[in-house]
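Can you make the complete structure from the sequences, with help from the hints?
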Amino acid sequence: MKDSIDLSVVIACYNEAEHLRQSLPELEHVLRAFGMRYELIVIDDASSDGTPEILHELLDGRQDVQLRFHETNRGRGATVQEGIKLARGDMVGFLDIDLEISAWYIPAALDLLRREQADMVIAHRVYKLRPHPVVLLRHLLSIGYRMLARWMIDAPVQDSEAGFKFFRRQAVLPVLDRCQDTGWFWDTEITYLSH
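First residue of the sequence shown: 111, per the numbering used here; consecutive thereafter.
Among the hints, erroneous ones may be present.
Claimed, not checked - The calculated label-pair distances, taken between Cβ atoms and stated as ranges, are:
#, residue 1, residue 2, range
1, Gln-132, Glu-226, 30 to 40 Å
2, Arg-224, Arg-172, 39 to 49 Å
3, Arg-198, His-166, 14 to 24 Å
4, Asp-287, Pro-243, 35 to 45 Å
5, Lys-195, Asp-174, 11 to 21 Å
6, Gln-173, Pro-243, 48 to 58 Å
7, Pro-243, Arg-172, 20 to 30 Å
8, Gln-227, Glu-163, 16 to 26 Å
9, Ala-156, Ala-228, 26 to 36 Å
10, Pro-243, Gly-145, 38 to 48 Å
11, Ala-281, Trp-214, 19 to 29 Å
Keep in mind that the hints were calculated from the coordinates and are not lab data.
Computed from a predicted structure; not experimentally measured.
C-beta atoms are modelled at their ideal positions from N, C-alpha and C, and glycine is treated no differently.
So this is what it looks like as structure tokens:
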């Protein structure tokens, strides 16, 4: 691995086979385009769709990659938290590998962390709605949850559930030991505890 790492990027995978071949190269293109010294920490959480095989194919033998595989599913929160604890970079973050939030936002997030304006940066998702009842219902439920989370957290955060969070590593490590949820609520919990 490289002697000095600026950024550790955690990728928690669960049945992500359809995204990996396009999204991993796109992510690395962004990181290289901005001259970042980085490592990838990729953890498969007991996928059943061929994700482990694709990860081996794409990443085996790379010195800048920590590749881990769970035999049983531990949950999104536990998987991301494990990756953050393995990180060696001064800054660490994770994003969903479907790149729902583009990797091109990483440099702006890191700029805020570097200037010590924040210990944590979270993206805010904005969607174009399709006029379909299920889509509209999901959107309304999402808005309701975000409003409830903002009220509970009492922090200037628009979207605690966004799969794009970056931290100053030394600031987030003490917070991880206080997290209890291992599933989807982990995102809200880490946001609350970090505030």
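Cross-check of the supplied hints:
no.: 1; hint: Gln-132 with Glu-226: 30 to 40 Å; result: 34 Å, holds
no.: 2; hint: Arg-224 with Arg-172: 39 to 49 Å; result: 26 Å, violated
no.: 3; hint: Arg-198 with His-166: 14 to 24 Å; result: 22 Å, holds
no.: 4; hint: Asp-287 with Pro-243: 35 to 45 Å; result: 43 Å, holds
no.: 5; hint: Lys-195 with Asp-174: 11 to 21 Å; result: 18 Å, holds
no.: 6; hint: Gln-173 with Pro-243: 48 to 58 Å; result: 50 Å, holds
no.: 7; hint: Pro-243 with Arg-172: 20 to 30 Å; result: 45 Å, violated
no.: 8; hint: Gln-227 with Glu-163: 16 to 26 Å; result: 42 Å, violated
no.: 9; hint: Ala-156 with Ala-228: 26 to 36 Å; result: 33 Å, holds
no.: 10; hint: Pro-243 with Gly-145: 38 to 48 Å; result: 47 Å, holds
no.: 11; hint: Ala-281 with Trp-214: 19 to 29 Å; result: 24 Å, holds
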